[in-house]
Every structure is written in structure tokens, then in C-alpha cells.
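Asker: Each protein sequence line maps, in turn, to chains P and E. Letter by letter, the first sequence follows residues 14 to 214 in my numbering. Letter by letter, the second sequence follows residues 14 to 214 in my numbering.
Careful, some of the hints might be misleading.
Identical chains share a label here; the pair holds if one copy fits it or two copies do between them.
[Claimed, not checked] Each computed SDA-like pair below joins lysine to any residue, with the alpha-carbon atoms no more than 25 Å apart:
(1) Lys16 <-> Tyr147
(2) Lys148 <-> Pro161
(3) Lys148 <-> Gly200
(4) Lys148 <-> Pro117
Keep in mind that the hints were calculated from the coordinates and are not lab data. Predicted model only: the values in this text are computed from it and were never measured.
Number of protein chains: 2
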Amino acid sequence: MYKVFGSSHSGNSYKLRLLLSQLQIPHAWQEVDILQGATRTPEFLAMNPNGKVPLLQVEPGRYLPESNAILCYLAEGTPLWPADRWGRADTLHWMFFEQYSHEPYIAVARFVMKFLPADHPRRAEVPNLHERGYKALGVMEQHLSAHPFFAGDAYSIADIALFAYTHVAGDGGFELGRYPAVAAWIGRVAAQPRFIPLEYH
Amino acid sequence: MYKVFGSSHSGNSYKLRLLLSQLQIPHAWQEVDILQGATRTPEFLAMNPNGKVPLLQVEPGRYLPESNAILCYLAEGTPLWPADRWGRADTLHWMFFEQYSHEPYIAVARFVMKFLPADHPRRAEVPNLHERGYKALGVMEQHLSAHPFFAGDAYSIADIALFAYTHVAGDGGFELGRYPAVAAWIGRVAAQPRFIPLEYH
Chain P
14 MYKVFGSSHS GNSYKLRLLL SQLQIPHAWQ EVDILQGATR TPEFLAMNPN
64 GKVPLLQVEP GRYLPESNAI LCYLAEGTPL WPADRWGRAD TLHWMFFEQY
114 SHEPYIAVAR FVMKFLPADH PRRAEVPNLH ERGYKALGVM EQHLSAHPFF
164 AGDAYSIADI ALFAYTHVAG DGGFELGRYP AVAAWIGRVA AQPRFIPLEY
214 H
Chain E
14 MYKVFGSSHS GNSYKLRLLL SQLQIPHAWQ EVDILQGATR TPEFLAMNPN
64 GKVPLLQVEP GRYLPESNAI LCYLAEGTPL WPADRWGRAD TLHWMFFEQY
114 SHEPYIAVAR FVMKFLPADH PRRAEVPNLH ERGYKALGVM EQHLSAHPFF
164 AGDAYSIADI ALFAYTHVAG DGGFELGRYP AVAAWIGRVA AQPRFIPLEY
214 H
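Next comes chain P alone, as it looks inside the complex:
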């Protein structure tokens, strides 16, 4: 059985929780307390030298890091990871967009505003995070104004990857009301079978 090392507060870990729920894949969940340095222990670094969650234990001694690589691995052979060459490439395009142009701003703004004290010096990063994050939301809005989902006009792991931090962007001070197509897409994702929200406990 798969074992997932993850944090229940992390959007990157939530991507896996959502996919595992939707595909009804049995797994064990090992909660990792990032804020207490649990990804920096020798034991954890032996599993993932980059010191990050989520991490998938495929079998004892075989580990897969990187949330979006794990999504691809778990969704292989299902309708959530397109079988055709163009569909896979377009799915990956949005997943790389998420990790490079979206997560470093939208997820980090949420971290700073939700998990750090109000007088923390990292609050100074917020205006730049908002500028870059709104740019990513603008790219998403433009796409979603003409398409119901991100890749191949059907729900896929590209939507899961982008949904994770987008639907809680308000935690980081983003005003999603400015993006009606994004808001409508959030509703479509939340209406998928076996959907679970990020904050469920």
C-alpha cells in the first residue's frame, strides 16, 4: 500500500489527498510537521534529500518526491492523465506553469499571511507576491474564459495542481472576485465526484 508523507496544511500535499480520494486509492497518511522541522531530520532527508513534502513511498526504499510528478504517477492509466501525446504535453504545460509562475507567489503569500505572525518581516514580500500572483491568475482567467478546464477541455491532474492553492488564494490576500472565470472553474472542480476540500478538520 502507498504511504504518503504530507502536511495537512500544505496545498502541495492536498493535491495528493484529492487525487487519492477521487481515484479511491488505498493509502496510509503520515503527517509531517513542516513548521517543526520534521522534513530536516536525517531520517526524512534519507528518503528525500531535498527535504520537502509531499513524498510518496511506492514501496519501502523507493520514494517519489515532487507533488506534480506524484500526480502523474498515480493518475497513469486513468482519465485524469490524458493518454494522447498532445493531451499529456498540455497537461504538463499547466503543471509546470503552476510550479514556476503560480505556486511561488500564491502559495507563499498564503504561508506568510496565514502561518506567520502579523508583524513578521516576511510581510514585506507580500506586495511583490501579489503582483506576480495576480499575473498568474490573469493567465488562468484568460484560459478559463474559453475552456472549462485546463487541458483537453476535461478535468485532469492539471486542474488538481492549479486548484490546490488557487481555491485558498484568499488566505494570502488575493481577491478572487476579480476573476469570474476562475471562480466558476473552482465551482466545477468542487463539484467533481469524491471531491474533498483542503481544510477538512
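Guided by the hints, dock chain E onto chain P, whose structure is given.
Answerer: Here is chain E on its own, set in the frame of chain P:
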């Protein structure tokens, strides 16, 4: 015939040049002057709303952004993109590592030190870029101390993705001499058939 919109100075664009050379794929190259704002014109944004190169024109009106997604698309069906499920997932793991934990530090340090004036205010970012970039090089060194290449112990698009900015990390002030396994891997990549360097003109 494929058309690539790219910048000859960019490591992300170089990934495509290297793969296209190694797979001997005919293509047209359209040079895009990033520093002069050529990715911000209405014409370019109509092709890629995220305003970045490289961009692959698969056919007129059909465009694929994100360097690593393009590598996957072009390498489909070749030995450079593993055919088995685990091999693909492990390749993607290193490609997402490259875009999230490596490129934002190693490529950006190179940009600041090579392309901006010595008194530019962004020089203040260099110490942080070095700290994070050296962490990525440490993860690579650990892996390469036990494996000849990144995924499946054979040369793949994961190596191309990581090679692009690693082999010119010295431009950004990184001392690669501290990482003998990385240096040896650079030599192995440069010895591959139909290899071409980044700066060739």
C-alpha cells in the same frame, strides 16, 4: 515543421536546441529578444499569454509553452523519455525539481551577474540566490555520487533539463569545483552524441 520561439542566451531555450540537435528534428528557430520586451507584444502574448520563451509552434495556431513540457512532447517515443511508468515519474520528479528548486536560483543568479550592470540593485539578491542554488547543487551531488544520470541510470530529458543552467552556473558566481560528481556528470552529458553547447556563437 516545428517552429521554436527562443532566446539563444536562455538556458530554458537551450534545452530545446540541445534536444532538437540530439534527436535530429528539423525545425525553424525564431530568435526572440527578451531584454527588448519581445515576449510582451500583443502578437507574442496571443501565442503564449504567460509571455515566456521557449515556445513551440506545433502547427500554426497550436502552441506549447514551458521548456520541460516541450522536452517531454518532443522526446515522446525516444529513449530520452522512459517508456515505463516509474522511469517517467522519476524523470518528471527531476524536471519539477529543476523548475522549482534549481532554476529560480541558479538561472537567476546568472541573469543578474551576466546580463545586468555591476551596480544594478538586483545584485543584492545574489547571496540568497547562492544559498538556495548551492542547496540544489548539493542535492544533485548526492544523487550523482551514486548514479551516472538522473533518471533510470541512463541519459534522459531530466539530464537535459538540469544540465542547461548547471553547466553555466559559473556565470552566476557558483563554484562548481566543490561538486566533483556534478562536474563529472557535466562531462558525461557533453560527451553525448550530437551535443551542442549553450554559447556557440
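Asker: A separate judgement is required for each hint: does it hold in the structure or not?
Answerer: Hint check:
{"no.": "1", "hint": "Lys16 <-> Tyr147", "in the structure": "neither (35 Å within a copy, 30 Å between copies)"}
{"no.": "2", "hint": "Lys148 <-> Pro161", "in the structure": "within (20 Å within a copy, 39 Å between copies)"}
{"no.": "3", "hint": "Lys148 <-> Gly200", "in the structure": "within (21 Å within a copy, 39 Å between copies)"}
{"no.": "4", "hint": "Lys148 <-> Pro117", "in the structure": "both (12 Å within a copy, 17 Å between copies)"}
The earlier numbered hint that this structure contradicts is number 1, and it is the only one.
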